[in-house]
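*Asks:* Chains as they are written, first to last, in my numbering: chain A, 29 to 219; chain B, 35 to 300.
Calculated from the structure, these hints are not laboratory results. Ideal Cβ placement from N, Cα and C applies to all residues, glycine included. You may find that some hints are simply not true.
[What the hints assert, rightly or not] Here are the computed lysine to any residue pairs in the SDA-like style, where the Cα-Cα straight-line distance is at most 25 Å:
1. Lys-93/A - Arg-81/B
2. Lys-232/B - Gln-244/B
3. Lys-190/B - Val-288/B
4. Lys-235/B - Leu-206/B
5. Lys-93/A - Pro-281/B
6. Lys-235/B - Glu-70/A
7. Lys-93/A - Ile-170/B
8. Lys-232/B - Ser-167/B
9. Lys-93/A - Ser-99/B
10. Lys-93/A - Arg-171/B
11. Lys-232/B - Asp-88/B
12. Lys-93/A - Leu-52/A
13. Lys-232/B - Thr-152/A
14. Lys-290/B - Ala-248/B
15. Lys-235/B - Ala-197/A
16. Lys-93/A - Asp-88/B
[As the list claims (entries may be wrong)] Per the computed footprint, the stretches of chain A lying under chain B, defined by three or more beta-carbons under 8 Å from a beta-carbon of chain B, are:
17. 40–47
18. 50–58
19. 73–85
20. 151–164
21. 188–198
22. 202–209
[Claimed, not checked] Reference excerpt, derived from the structure (chain A facing chain B, CB under 7 Å, subset only):
23. Glu-70
24. Glu-172
25. Val-173
26. Tyr-178
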Amino acid sequence: MMVSDINVEQDRARRFRDAALPHLDDVFALARYLMRNAADAEDAVQECYLRALRHFDSYRGPTMKPWLLTILRNVCNTEFARRGKQEMPTDFSEDEFTPEQPLLWQESQASPEAALMRQHDDDTIRRLVAALPHPFREAIVLREVNDLSYQEIAEVAGVPVGTVMSRLARARSMLRAAWNIAEISMPGSVS
Amino acid sequence: MNCSESEVLLHALIDGELDAGHARDVEAHVATCPGCAAKLLAFRAMREAMASADLKQAAPAHLRSRIAAALPLPATQVSAEIITPRKFLQPSRRTFFGGFAVGTALSAALAATLVFTVFTHDQEQTIADEVVSAHIRSLQPGHLIDVETSDQHTVKPWFDGKVNVAPPVIDLTAEGFTLLGGRLDYIDGEPVASVVYKRRKHVINLLVAQRLGAEHANVTDRTVQGYNVRHWSAGGLDFWAVSDLDPTELNEFVQKISTAFRGSPS
Chain A
29 MMVSDINVEQ DRARRFRDAA LPHLDDVFAL ARYLMRNAAD AEDAVQECYL RALRHFDSYR
89 GPTMKPWLLT ILRNVCNTEF ARRGKQEMPT DFSEDEFTPE QPLLWQESQA SPEAALMRQH
149 DDDTIRRLVA ALPHPFREAI VLREVNDLSY QEIAEVAGVP VGTVMSRLAR ARSMLRAAWN
209 IAEISMPGSV S
Chain B
35 MNCSESEVLL HALIDGELDA GHARDVEAHV ATCPGCAAKL LAFRAMREAM ASADLKQAAP
95 AHLRSRIAAA LPLPATQVSA EIITPRKFLQ PSRRTFFGGF AVGTALSAAL AATLVFTVFT
155 HDQEQTIADE VVSAHIRSLQ PGHLIDVETS DQHTVKPWFD GKVNVAPPVI DLTAEGFTLL
215 GGRLDYIDGE PVASVVYKRR KHVINLLVAQ RLGAEHANVT DRTVQGYNVR HWSAGGLDFW
275 AVSDLDPTEL NEFVQKISTA FRGSPS
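Take the sequences, apply the hints, and build the full model.
*Replies:* This is how it looks when you write it as structure tokens:
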């Protein structure tokens, strides 16, 4: 009896490793954008994996990645709640990137802007994404970094698909505005 | 359709989440509205820039080992069991046939098939494990490629003298698989050529050797530690493709490689 229990447990552990560990980079990437600091992100990821293992028996699919990301998101939210509001990831300065400002839609000549869009380096793009307010950052990261479908994003974030669509639209509009400002403030980047 | 509807739906269009009917509606609106057309162009460019940027920071190695250590370890995970399978395959079969002289011809044949299958399977599994280990090693910073280029004509000669085969280096950039370069790897103690591709953020290692596992004219699928592995033989070479790419896309990659390989003079 003992032996078969151990075997079952080991089999479960092995199945969990095989299914969950390959998604570590995805889980960490989301944690990094949600938590803002590497040490907190690592703690959240570890907690996520331990929680996932505990609930592995109730996991019925369909896909492992969104399931893990949902758990990670819950871990992060619990952590935010524990720390209180001042630690909420909103070191985003409202004055710096105001998405609704008309500047956004001013330039109608599309091709020069499209060309500018391609000139940012990876660091700048990461910084711009990190500067988005929480729900929009979460949506865009799940889409562009974790490569989830709208349906999957809706499941992870616990909102209807319509909300996902409007969040992504907002996120991209804000990014586009910030993108153009970053471009202007980068001297010598346009030849 | 008006601009405020289009403003939300054009993102779904960019993301490939729109059904044909709505896609037509958005495209029809964009065709008549310069404002939305400009947005579509800008958001497309932004999406491309984000897709090609490296926004996903890989989990640090110490986190990987921390988590692996925190999870209960299956007892079967013993690396000491890795025996070079090719060397142990032949003697085992000889012993088997020698010892089976008493059996009837029929059961011998049946059992031989069975044993052969089992051994072939073991050998394949061991190689598959090593292939996945090689893939994981290659993902560590600085280990992915020895010769970095997107030019197939640079990669191919680089392998000369390093491995005893001339691996086909096929450029699939136009088909969405970017050629990153080549790497020398070791599987089962033998040098193996690895041609490295990338699809979005997913690395694909295509390992090529003269003989690496049982000969399979058809592609065999397996999953090891969550990585998808494909093995097939063609033109006297064995191919192993491994990636965390989803199965459908990896199959597409395998399909394109084998088609291109058949088409190329070898």
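*Asks:* Work down the list of hints and note, for each, if the structure agrees.
*Replies:* Verification of the supplied hints:
Using a Cα cut-off of 25 Å, the hinted pair Lys-93/A and Arg-81/B holds, with the two alpha carbons roughly 22 Å apart. With a C-alpha separation of about 24 Å, the suggested pair Lys-232/B and Gln-244/B falls inside the 25 Å cut-off, and the hint holds. Restraint check for Lys-190/B and Val-288/B: satisfied, since their Cα atoms lie roughly 19 Å apart, inside the 25 Å limit. Of the pairs offered as hints, the one joining Lys-235/B and Leu-206/B holds, with about 16 Å between alpha carbons and a cut-off of 25 Å not exceeded.
Distance hint between Lys-93/A and Pro-281/B is fulfilled; the C-alpha atoms sit about 14 Å from each other, no more than 25 Å. For a cut-off of 25 Å, the pair hint linking Lys-235/B to Glu-70/A stands: about 21 Å separates their Cα positions. Distance check on the hinted pair: Lys-93/A and Ile-170/B sit about 19 Å apart at the alpha-carbon level, within 25 Å; holds. About 18 Å separates the Cα atoms of Lys-232/B and Ser-167/B, which keeps this hinted pair within 25 Å; it holds.
The suggested pairing of Lys-93/A with Ser-99/B holds, with an alpha-carbon distance near 20 Å, which does not exceed 25 Å. Annotation: proposed proximity of Lys-93/A to Arg-171/B holds, straight-line Cα distance about 22 Å (limit 25 Å). Taken as a hint, the Lys-232/B and Asp-88/B pair is honoured in the structure, with Cα atoms around 12 Å apart against an allowance of 25 Å. Note on Lys-93/A and Leu-52/A: the hinted pairing holds, with a Cα-Cα distance of about 9 Å set against a maximum of 25 Å.
Distance hint between Lys-232/B and Thr-152/A is fulfilled; the C-alpha atoms sit about 23 Å from each other, no more than 25 Å. Proximity of Lys-290/B to Ala-248/B is assessed by CA-CA distance (about 22 Å); at most 25 Å being required, the pair is judged to hold. A hinted pair counts as satisfied when its Cα atoms are at most 25 Å apart, and Lys-235/B with Ala-197/A qualifies at roughly 23 Å. With a C-alpha separation of about 19 Å, the suggested pair Lys-93/A and Asp-88/B falls inside the 25 Å cut-off, and the hint holds.
Counting residues of the stretch 40–47 of chain A whose CB lies closer than 8 Å to any CB of chain B gives 6, which reaches the minimum of 3, so the coverage claim holds. With 8 residues having a beta carbon nearer than 8 Å to a beta carbon of chain B, the stretch 50–58 of chain A meets the requirement of three or more and the stated coverage holds. Using a Cβ-Cβ cut-off of 8 Å, 5 residues of the stretch 73–85 of chain A lie near chain B, which meets the minimum of three, so the contact claim holds. Here's how the stretch 151–164 of chain A fares: 3 of its residues keep a CB closer than 8 Å to some CB of chain B, so the rule of at least three is met and the hint holds.
For a cut-off of 8 Å, the count of residues in the stretch 188–198 of chain A with a CB near a CB of chain B stands at 4, and the three-residue condition holds. Proximity of the stretch 202–209 of chain A to chain B, defined as three or more residues with a beta carbon under 8 Å from a beta carbon of that chain, is established by the 3 residues found. A hinted interface residue such as Glu-70/A counts as satisfied when its beta carbon comes closer than 7 Å to some beta carbon of chain B; here the least separation is about 5 Å, so the hint holds. Taken as an interface hint, Glu-172/A checks out: its beta carbon lies about 5 Å from the nearest beta carbon of chain B, inside 7 Å.
Proximity of Val-173/A to chain B holds as hinted, the smallest CB-CB distance being about 5 Å (cut-off 7 Å). About 5 Å separates the beta-carbon of Tyr-178/A from the nearest beta-carbon of chain B, less than 7 Å, and the hint is met.
In this structure, none of the earlier numbered hints is contradicted; all agree with it.
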